[in-house]
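Protein chains: 4
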Amino acid sequence: MQATLEAIVAQNRALTARGKVATYIPELAMGDANAIGICLIDGAGNIHLAGDTDIRFTLQSVSKVFALMLALEDQGFAGVFDRIGMEPTGDAFNSIVKLETFASLRPLNPLINAGAIATTALIKGDSVAERFQRLYSYIETIAGSERIGFNERVYRSEKATGDRNRAIGYFLRDIEAITGDVEEVLDLYFRQCSIETDVLGLATLARRLALGPEADPPLTRDTLRVVRTFMYTCGMYDATGEFAVKVGIPAKSGVSGAIMAIAPNRQMGIGVIAPALDEKGNSKAGVQVLADLSRELGLSVF
Amino acid sequence: MQATLEAIVAQNRALTARGKVATYIPELAMGDANAIGICLIDGAGNIHLAGDTDIRFTLQSVSKVFALMLALEDQGFAGVFDRIGMEPTGDAFNSIVKLETFASLRPLNPLINAGAIATTALIKGDSVAERFQRLYSYIETIAGSERIGFNERVYRSEKATGDRNRAIGYFLRDIEAITGDVEEVLDLYFRQCSIETDVLGLATLARRLALGPEADPPLTRDTLRVVRTFMYTCGMYDATGEFAVKVGIPAKSGVSGAIMAIAPNRQMGIGVIAPALDEKGNSKAGVQVLADLSRELGLSVF
Amino acid sequence: MQATLEAIVAQNRALTARGKVATYIPELAMGDANAIGICLIDGAGNIHLAGDTDIRFTLQSVSKVFALMLALEDQGFAGVFDRIGMEPTGDAFNSIVKLETFASLRPLNPLINAGAIATTALIKGDSVAERFQRLYSYIETIAGSERIGFNERVYRSEKATGDRNRAIGYFLRDIEAITGDVEEVLDLYFRQCSIETDVLGLATLARRLALGPEADPPLTRDTLRVVRTFMYTCGMYDATGEFAVKVGIPAKSGVSGAIMAIAPNRQMGIGVIAPALDEKGNSKAGVQVLADLSRELGLSVF
Amino acid sequence: MQATLEAIVAQNRALTARGKVATYIPELAMGDANAIGICLIDGAGNIHLAGDTDIRFTLQSVSKVFALMLALEDQGFAGVFDRIGMEPTGDAFNSIVKLETFASLRPLNPLINAGAIATTALIKGDSVAERFQRLYSYIETIAGSERIGFNERVYRSEKATGDRNRAIGYFLRDIEAITGDVEEVLDLYFRQCSIETDVLGLATLARRLALGPEADPPLTRDTLRVVRTFMYTCGMYDATGEFAVKVGIPAKSGVSGAIMAIAPNRQMGIGVIAPALDEKGNSKAGVQVLADLSRELGLSVF
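Residue numbers (this note's numbering), protein chains in the order written: chain X, 54 to 355; chain G, 54 to 355; chain D, 54 to 355; chain C, 54 to 355.
Hints are not guaranteed to be accurate.
The list cannot tell twin chains apart, which means a pair is met if one copy fits it or any two copies do.
Cut-off 20 Å, straight-line C-alpha distance, at most; resulting in silico cross-link-like pairs (EDC-like, lysine to aspartate or glutamate) [claimed, not checked]:
hint	residue 1	residue 2
1	Lys-333	Asp-135
2	Lys-333	Asp-269
3	Lys-333	Asp-95
4	Lys-177	Asp-345
5	Lys-212	Glu-80
6	Lys-212	Glu-249
7	Lys-177	Asp-85
Hint data in this document are derived by calculation from the structure and do not stem from the laboratory.
Predicted, not measured: the structure shown is a model, and the values here were computed from it.
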């Protein structure tokens, strides 16, 4: 396994030069464009590391998965999906068009920005601080506190430049998909995006999703099924369909260049980082690493 | 003329029952649904009044015309139209779709909400207060100070409920169509919508637009032509095309039920109020009053 | 006047090099990219010619104006506008999107392709041949038979390559905006696009529209007003708004590089040809010639 | 198993009254609105039948799966996906909008109408007759000739009323997603939609997809993975996301009320018929039967 991982990292490192580090948040632009690292935790719990495994990065959209898990545990299935749809979309991640043209005026699904902001708004707590603490602890409990941190500079950078998300937030309140203070919801959202980890942390998070509902912390069977399904149908922005065909496993990417992927049938969790992105916003080398790994190990769910 | 106006008001009063007063701003919902009033100032400057002419109402979108005039005088033609398009649209007034799908990512024209907010942002001044004072004085100079006021309750109502406009505002900054503090631009926009007048004030404003550039206050020939043209091609939300065919004169409506219309070839200015709106957001009876008047007096520009 | 025209043609001839002759129909690609010619018939009926005035060209979308006139005379106002809308659009001329997303499922207006095909379908006659003959005669009667012809090669070229229009045609029948044989309607449409004239013919056609309803052939006042209005609000594809602001007169362009424009207040008819098009599909030099002419002669309706 | 199936059919029969039989094709409108039947072939190959299992129905969109399989075998992966995208869409099955707004101008995926017509166009053969015979034989070989037929009346009905598909077809040729004779491609498409079977035939087809590539007829591993993936991400029109969450297995529905579903991990094939459709175009009772069955038997892939 170790040799396989190292070979795959080696053969894809050159791809990093063909992607671009995200620049819309100034802090992200400082990511190492040539870095590539992977961690895979197999069914027996063995940890395999290859490449640049010591760099830390923010979760960005990968955090949407955990916000959804917590919202489901807090509000139940109907509490979430009365407000947020379940349909994938071929549109870009930050599209407002779909919000407006869909008769139902609901965000399409919980993993695009609009739906993710509406999902985050469902996390319980008396204040932004408390709500964030609950989400942070939830993630920390799974991955271990030594693996999880918070990047204050990225958070400030997100907050200072998040006009598209602000537009989505006010639009959501206008269509009554969220209630309460929009800036508070956005603050919580920018915070969750700024939670920091490394590939070992990411793979540990992934492995929890690859295990059954009874693992630690326990999840309802429904929550687990729903989260894996959305990762499969909506996890890779508007390249999700292609990823499903070519890689075939549930995954969620973030603009930091992180991808968290799971092979549920093998109880395997995978974390990849390679900050240079393709034109859809997914890690250029990361996607190919997972495609190679899936082929090599036969991970595809179909 | 007086008899004509009174007959037209009388025959259209029943139409008010088939419209609905705008409710999206609580204060607007208090408008008198059955009211209908008109003021026409003819080429010789004679004032004709008919119907409910003593009610006061806010300008709402009618104010976009004067914000455009002031922005043109402040920034020149290129200063405005480098940022804002000139094309009419069959879409609803508060659509974000067009902002997003148009390759150019410019608001389509200065009389839909997105373009109007971007236009308002171009009015010069060191503070919101100063910028608003300049616009207010501009309008007051034309209409006379006794005709113009400010409705504080409507302003607060707009500001408290303006999430769609807030969404548009942040989107505009995201696409760099505006710069600076979004909330300040919106504050200025909500203020201009809350300027109050009556049909005599509205007709007086209209008449200035019906006169030549050299009238008082003097306008550049370009400003006058541009403003009249946008009223004709974009002034009545997504019923502008039908209004052009059926009425045939430059006009601008607001959700308060006001319509300001001009017959430039006759140097005639018209103000109408009838708060009950049709499904496009235009005064239900007001549109028909203008259609009847245009036919009766032969006002159509074509 | 002659000197003015010649000066304007001279100063804009260089612009032809910055446009491109339409190539989507092979026959059109043979147009002379550097040609530019104009004919203006003034209020007194005097004919002024300048530039390359002897070339012949097909009407293309200019024909939509006459199909609309005949449909209005054949079916009346309601007969046409129960099926076709009146709203301008910022979308490209051959868009299907608007057909589909508009709740009403009607073509937006009679001068975009979808609406024009639906308009053409309303021309009365027992066969395509008879219906075409009626339209052809209608145009010939106005312009004089020596000025009007039919370009068989362009017609065959249109018919062989008209898949986008065919898609629109079947879509129109699906939404019940047209009935009967789609290929016959398209055949009629391709034929009308292939009617040929020169700038004198075009200016003669324009002048009829600049005169009153009682001129020869007589038109209803309504037809005349409607046709002029749509030329003003929808005549120049998705650059109509800009043309209204910068030129300010009713006009209709075609992809052959023709523009037919009128100054109704001056009873003036203008025909321009310059086959090199801008990116919106309007004659690159032709638009500027009309802008210069309008400024020079004060033609703008506002 | 038999008792489970019968209980599920019984408890969902009442749902048929809350759906509507498709009427856009006259022949489909004759479907029995109250019928409901199911066939499940388990991992060991045992056949279980419950409900109205003797009615015959046309495959409609279910046929898209087999057209895709044959196109993949005929042209290879790149031969298909150079022309057709892989992304799911929340839009309705017969949308043209996405074709037009997507920069790439490719049909989004092979299971919506646009992509399916483009896929069908890739089936090899010298004539429509030969191409159809190849597809028909392919299906017949899997399901057995006694189970497969052709419904001539439905075919004629589809062909006579297929204007939306005709619009899509010509649009596809306009954007060069297909070449050749559009009417021939549509003829082939209408034919494939009119292939007839019963629930045993449908379950037999499904079971082939649930087995490995080496079963009979042999498929490439790639073809099998691709087909299952698209059924999972795009198989249930714009309710695919919800179906994935609630049922969790690859499936393809048709407007005849048929659903073909597979549980690959259990090597199980399922065919359901219940002609009354929900507002998304999927069998109203059929979807719920599969949801109940999936929960009862634990079929979800996640």
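Verification of the hints:
Only between protomers do Lys-333 and Asp-135 lie at most 20 Å apart by alpha-carbon distance; the minimum there is 18 Å, versus 29 Å within a single protomer. With identical chains, the CA atoms of Lys-333 and Asp-269 are never at most 20 Å apart, being 34 Å at best within one copy and 39 Å at best between copies. In this assembly of identical chains, the alpha carbons of Lys-333 and Asp-95 never lie at most 20 Å apart, being 29 Å within a copy and 41 Å across copies at closest. For the homomeric pair Lys-177 and Asp-345, neither the shortest alpha-carbon distance inside one copy (40 Å) nor that between copies (31 Å) is at most 20 Å.
For the homomeric pair Lys-212 and Glu-80, the shortest alpha-carbon distance inside one copy (11 Å) is at most 20 Å, but the shortest distance between copies (33 Å) is not. In the homo-oligomer, the alpha carbons of Lys-212 and Glu-249 lie at most 20 Å apart inside one protomer (16 Å), although the nearest pairing across protomers, at 37 Å, exceeds that limit. In the homo-oligomer, the alpha carbons of Lys-177 and Asp-85 never lie at most 20 Å apart, since the shortest distance is 36 Å inside one protomer and 43 Å across protomers.
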